[in-house]
Amino acid sequence: MIKIKDKYDVVVIGAGPSGSVAARFAAENGASVLILERDREPGIPVRCAEGVSHKGIEPFIDIDKRWIASTIDEARLHAPNGKHVDMFQNGTGYVLERRIFDTELCNLACKHGATLITKADATGIIFEDNKIQGVKYTHIGEKKTVKCNIVIGADGVESRVGRWAGIKTNVRLEDIDTCVQYTMANVDIKENRCEFYFGNEKCPGGYIWIFPKSNSTANIGLGIAGHLTDKKSPKEYLDEFVQERFPNASISYTVYGGVPTSTVLKETVKDNIMLVGDAARQVNPITGGGIVQGMIGGAFAGKVAADAVKKNDFSKKNLKTYEKKWNKALGANQRFMFEVKENFMGMDDSKFNNLVEMCSKIPQKNFTLKDLFKEAVKGDPKLIAQMAKSFVVSRLNLRFK
Amino acid sequence: MIINNNLCDVCGTCVAVCPVDAIIVKEFVVTIDNDKCINCGKCLKVCPIRAISEENQ
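Listed in order, the protein sequences are those of chains A and B. For the first sequence, the residue numbers in the working numbering are 1 to 401. For the second sequence, the residue numbers in the working numbering are 1001 to 1057.
The hints are simulated quantities; they were obtained by calculation from the structure and are not laboratory data. Any given hint might turn out to be false.
Claimed, not checked - Okay, derived cross-link-like pairs now, DMTMM-like style, lysine to aspartate or glutamate, Cα gap no bigger than 20 Å in a straight line:
#	chain 1	residue 1	chain 2	residue 2
1	A	K144	B	D1033
2	A	K83	A	D307
3	B	K1026	A	E142
4	A	K136	B	E1027
5	A	K370	B	D1021
6	B	K1026	A	E41
7	B	K1045	A	E201
8	A	K168	B	E1027
9	A	K270	B	D1021
10	B	K1045	A	E174
11	B	K1026	A	E357
12	B	K1045	A	D230
Work out the full structure: start from the sequences and follow the hints.
Structure (structure tokens):
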């Protein structure tokens, strides 16, 4: 039986990518770290389409084929009118096996000295002398407490850690996509190509994705904006789509979930507490991608936490360094993507058709996602200016390994 | 609001939109505290599997 101490410098709640990366960087820089994971192992249940870019994860972990289902180098965008455009220049991406990937990230944290407890469900924060002093949790049904100086909330879209500390994390209906995904067998797809469908008939306020996991299996899902659910549920939309596109396929795994698509939260830290990942709404509001964003958040938070331990200063003012770093790296990008999302939300299908039509005229050897956004913001000077700032992340050259 | 826990996938989407923190996920069961609930209906709208319904229905 592993020995759990009464007190740690840092307690991380949630062993997803952002929590494990936060734990690793806090531990690597000298802090004592405990990770509480509610499930029986990190990475389950997988509530994710599992797509990431090579560039995004490569700074954090050596690429290992054990957690890569397939390698992607093409993307096909389908317009509502049935026409499509292909992209070949967006770099390499992967469809992950999150169950293995998350475990590996958590193993890295443990290798650097963090302690993990699974089946440990955080139930509250210990406030003493008006200060956060620890975490309450249940471990296999038994009530426990652990003291700490810093709590890192990495407890996902359903985060309650922030709320316990009085951080406002609830999002508008417009700023969450309600999603369902099937992992399907016997699908007719191209293994190296992901596909996306847009349009108000098929998926209002969101999109349908096909992320191959092999040459005959794929994660096929959709998200619709939270305020556009009156007509049909996400499941009804997805069932209609798969019936039409993959009539002979079988479903091997079904998962439901929500993806935050909000702008940057006003506040992600308070005295003795930081939020990272989905809990901090660190998600690209257009793509819904949050793995890399959360890992970057985790890396900054972990380092700042370790630094706070060295200085023995756990004040909001000191922990805010984390928030500033994250904002500098990704804040402008998230704000821009949020504005573009707001624009997309008001678009009727003819504009989507037009967008794909315009993109199909761009020479294929040059065509990237950036061109798509350029087309999407055309004629809106405010967004064009914002766009210039938003792509700085690719120039940041973050190194975390 | 009532949750049908047989349908519920414990995805937590409802928790993210609740403006009054009335929804709790504990030991893989989602519950709504009807003393806190203001019947705004947001959870009902975002539930991807329609596991939430209004009372008296």
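Evaluated hints:
no.: 1; hint: A:K144 x B:D1033; result: violated (24 Å)
no.: 2; hint: A:K83 x A:D307; result: violated (53 Å)
no.: 3; hint: B:K1026 x A:E142; result: holds (13 Å)
no.: 4; hint: A:K136 x B:E1027; result: holds (14 Å)
no.: 5; hint: A:K370 x B:D1021; result: violated (38 Å)
no.: 6; hint: B:K1026 x A:E41; result: holds (17 Å)
no.: 7; hint: B:K1045 x A:E201; result: holds (18 Å)
no.: 8; hint: A:K168 x B:E1027; result: violated (24 Å)
no.: 9; hint: A:K270 x B:D1021; result: holds (19 Å)
no.: 10; hint: B:K1045 x A:E174; result: holds (11 Å)
no.: 11; hint: B:K1026 x A:E357; result: violated (49 Å)
no.: 12; hint: B:K1045 x A:D230; result: holds (7 Å)
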